[in-house]
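> Reassemble the complex: the two chains are provided individually, in unrelated frames, and hints are given to aid placement.
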Amino acid sequence: MKAGDTATGVPALEARGLVKRYGHVTALGGADVDLRAGEVLAVIGDNGAGKSTLIKCLSGAEIPDAGQIRLFGEPVRFRSPLDARDHGLETVYQNLAVAPSRDIPANLFLGRERRKPGPLGSVLRLLDKKRMREETQELLTSLGLLTIQNFSQPVETLSGGQRQGVAVARAACFGSRVIIMDEPTAALGVRESQRVLDLIREISGRGVPVILISHDMPHVFDVADRIHIQRLGRRVALVNTCDISMPDAVALMTGALHPAEIDGRSRVEHP
Amino acid sequence: MAHDTVTPHAADPPATRSAKHGLIARGQAALHTKPLLGPLVVLLLASLFFSVWVGSRFSDPLNISLIVQQVQIIGMVGIAQTLVVLTAGIDLSVGAITVLASVVMGKLAVDSGLPVLPALLLGLVTGGVCGGLNGTLVTRFRIPPFIATLGTLSVFSALTLFYSQSETIRAQDVPSLLSWPGRSIHVLGTEVTYSSLLMVGCFATVAYLLRGTAWGAHLHAVGDNPDGARLSGIRTDRVLLSVYVVAGVICGLAAWFLIGRIGSVSPQAGENLNLQSITAVVIGGTSLFGGRGHVLGTLLGSLIVGVFSSGLALAGVEALWQVFTVGVLVVVAVAADQWIRKVTA
Ligand SMILES: Nc1ncnc2c1ncn2[C@@H]1O[C@H](COP(=O)(O)OP(=O)(O)OP(=O)(O)O)[C@@H](O)[C@H]1O
Ligand SMILES: [Mg+2]
Chain A
1 MKAGDTATGV PALEARGLVK RYGHVTALGG ADVDLRAGEV LAVIGDNGAG
51 KSTLIKCLSG AEIPDAGQIR LFGEPVRFRS PLDARDHGLE TVYQNLAVAP
101 SRDIPANLFL GRERRKPGPL GSVLRLLDKK RMREETQELL TSLGLLTIQN
151 FSQPVETLSG GQRQGVAVAR AACFGSRVII MDEPTAALGV RESQRVLDLI
201 REISGRGVPV ILISHDMPHV FDVADRIHIQ RLGRRVALVN TCDISMPDAV
251 ALMTGALHPA EIDGRSRVEH P
Chain B
1 MAHDTVTPHA ADPPATRSAK HGLIARGQAA LHTKPLLGPL VVLLLASLFF
51 SVWVGSRFSD PLNISLIVQQ VQIIGMVGIA QTLVVLTAGI DLSVGAITVL
101 ASVVMGKLAV DSGLPVLPAL LLGLVTGGVC GGLNGTLVTR FRIPPFIATL
151 GTLSVFSALT LFYSQSETIR AQDVPSLLSW PGRSIHVLGT EVTYSSLLMV
201 GCFATVAYLL RGTAWGAHLH AVGDNPDGAR LSGIRTDRVL LSVYVVAGVI
251 CGLAAWFLIG RIGSVSPQAG ENLNLQSITA VVIGGTSLFG GRGHVLGTLL
301 GSLIVGVFSS GLALAGVEAL WQVFTVGVLV VVAVAADQWI RKVTA
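Residue numbers (the numbering used here), protein chains in the order written: chain A, 1 to 271; chain B, 1 to 345.
Chain B on its own, in the form it takes in the complex (with noise of 0.2 Å):
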């Protein structure tokens, strides 16, 4: 093993060293221990900035609405991509897990006259049975997570083309239940949609789940260092599989939310969702490396990408920069984890 680690008292600075370059090592110091510091910031600068450039438009309430209701399904399959991603794996077929659920709902509800209910849970159930597919596959076939979700990516995507046989269920045929997520009330002067609360409330749960439980504490310990989780009598490959299994449901929450959303079920929504839930993971501060991050960093990752679209398509950029931004934003995501890591490399 390499001892030469960098203890923070070893960081601090030596007289050798200007006071500039003490700052700078603090500062890293700083976002190493408080992984939610750099997003935050970044959500704020980014709509002070906007509410200076493009004015009341973009700081309405009406406006801040609308962003947390477009960055709502990616934030949902953005906790399922976190907790993935905490283990040191990432999941590639969140999205069409997502889509699928969403058809499952719609096809039991309208097409074979189930009540509403069970049809709901029923597609909760398959976003589950879906993540355990992927955890067997990872845990059981000893499969890289990229390559089996690779490969459940297509499988879920042609599931969701037969089932629904290419058709999308209109709106006017949704039963209310399934588009219940998608109405509002009214709260000091903007509209909040159920849907904003409920995911608040998920990345609450969460959040509580992988801080405050063992659970948790054992999910993070495996993406950190999965050997000595082992070693340490954690039950790795049962963590690995609950994880997958609790991102499915996850995702089946999200294809709800979808529904509620877009009013209607289609299977061909939700294209862009795998690659914005790594985007929004992490813009958000989580380590692709595992062990590392924060879940409501996800939060403020999809609000950060929420906010450059809705400032950038407001100031009357073309929507090409918007794309373009959001990967400068992702490039400098990773750039500063590694960074960051380096406190202890």
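Chain A with its partners taken away, still in its complex shape (with noise of 0.2 Å):
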């Protein structure tokens, strides 16, 4: 477990009162977030717990009511996903923001594409289509996630996973700072759901913090160093991993654990 090592960094994201409210809904009500630098944090809570909308809230998707947020220190308020981008943090959506009729390699680069080396390129804004599919080629085959005979076929007519597995590719190559996956693994094969788990364990190993939402706990205690545990639009508890048992955090996230009952069986952090 590397939870501690970093304790003494700089956190490389923290959010404090997050507020975002749908008309009468009240989706975030002052949510906080602490991502340290290099560590896998899971976010789990039931549906309507408000995890969609704290990572949207994070990526720049959806703008905060009220609250706060720092990337590595640095006060951000980002007002759109490409702001985010620009910063380093990148963003699997649960509901994947792909190009349906669109192929791979267009999607992978989508909104940073490659263009032609040399004036056909400066002066014509030539896309470099042959580089784009080579680079999609090497880096699905180098992630092994998806095993796919035609990079030009539309991802519509991809399955649900293999679009998923795009999507996770996507994040996981062009994330420089954060990478957060909403539901990565929710409609992917046991295989690879492990070659997902295996790429955030890397990626983390790599030095770059990873937030997964999953409602699969044995993934998440199988990769996250840290769990967040979101409930009726807050955090409720932040926990070391090693420090709870699945069952306590099961009874958190529903609300049939109250988090000042559980500090006698196991160290709950109140930061």
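Hints are not guaranteed to be accurate.
Simulated pairs of lysine-lysine, DSS-like, Cα-Cα distance not exceeding 30 Å [stated by the list, open to error]: (1) B:K342 to B:K34; (2) A:K129 to B:K34; (3) A:K116 to A:K130; (4) B:K34 to A:K130; (5) B:K342 to A:K129; (6) B:K342 to A:K116; (7) A:K116 to A:K129.
Hints in this document: simulated from the structure, not taken from any laboratory.
Right under this line is the structure:
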């Protein structure tokens, strides 16, 4: 476990009191986030607990109504996903932000297309499709995430799991400082899920911290250094994975157990 | 999300399916990956049909040249329409922009005594500004494109009538640069107008922008999945705005070609351009749902309309049946698009 190694360092991502309301629905009611450099932080919670809303606020997809966010100590206020991306933060969204009728290379490089070298690229703005296809092939092969014969087939003709693989590959490839994944294994087979978990370990091993949202407790306990438990739009607990049992985590998540009750049994941090 | 996707492999005929069914499925998949295939086949079959039915009067090079001249304005405006339709929008004001721009060119050059070149350029700028207004309404004020451009259609038409005072500028007063696109050169025993050549050039340029550049990739992505495009870091509003501006400028070019085609500058010209451009786009296989299609399909679509109109007219069929036929073509094209999209539904 890496938890604790980096306890003295500047937190990679720190959010305080995030609030997000949709009309009368309060999706986030003052949620905090703490992500240490190089760690894997799992975010768990019931359906509608505000997990997706939380990461959307972190990634610039939604602008929180209140609260502060710091990225490696620097206060940030992302106004768009592009803004967050320019800061090295990459996200796999639950509904997979892909362009269905475009092929795999076009989706991988969406918004950061490679241009041809020389005046063809700089003056005529010509895309280097060959290079993008080659890089895609290399990337997907090296990640081992998905086996696809035809890279030029539209993403909509891929299976749900393959599509998810494309979205994960994109984040893994381009995220340089923080990577967030919202249920990246939801549609994946056993082997592909294991690959994604391995990939998450590799990424955090490179020193890039990962926030993983998942409903799969074995996956969470397998890969996470710490667990952020979200309930009714707030973080109710942040615990080291080794300090909590799976049933206790689930009990906290569903509200069957109050964080104060668990203190005696395992160490729960209240930052 | 629904994940019951049918992959092309799954669409391959299992043992239980008949060979015929497999053939249809394969045709469907082919049309899905090659959007130009359908319109191309239709154009070739229609040309063949009329060559046999009407004979050499139809297939005569001069008649072919005439067909091209008749569809060039629709083709140009169709390019503008294709760009907007690819973003899952629609532009009902393209015809009005074209006529307004042509009146601006004519009035500035003839009545205001401006040199022709600045008058021409200001006409193009007018097109761009009109497109910019459409784009602003769609992006800034979040008005659905259909409604926004329905409104500006009336606004631009009214401005046209106001500025021209409903008067036509006679052909003999139009400076030669403005009517230059209508002049022709002799190629291979037929007449080719400069505007026909320029139209083909415009199609090629836009095809390259759409296929070869990041702008084209972003435009498709915005039409395909606007939320996904935004989450992928594309400035969707900026892309949309640029699309409407470019469409407006292309309408400005169409205005120039229109003057060349009819010789005079008339505020009454090009009444049907809006619907004709949508017809060309749809017959050309571009999906009204956005993200899917090809601008060269619009060239084929305009030519298909031209071939049917010319062929039926030469065969002595009443004009109302030409309208009827084009209507049937549109419905068939949209039905075909729905069917083709089912490859992935
Ligand atoms: N765009 C929206 N408009 C209105 N309400 C929303 C919107 N997005 C989320 N909500 C509401 O906010 C709450 C939290 O939703 P969120 O998607 O963050 O939950 P979640 O924890 O990700 O759930 P799941 O596990 O099902 O993915 C829900 O009650 C939901 O109805
Ligand atoms: Mg969610």
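> Hints broken by the structure, by number, lowest first?
6
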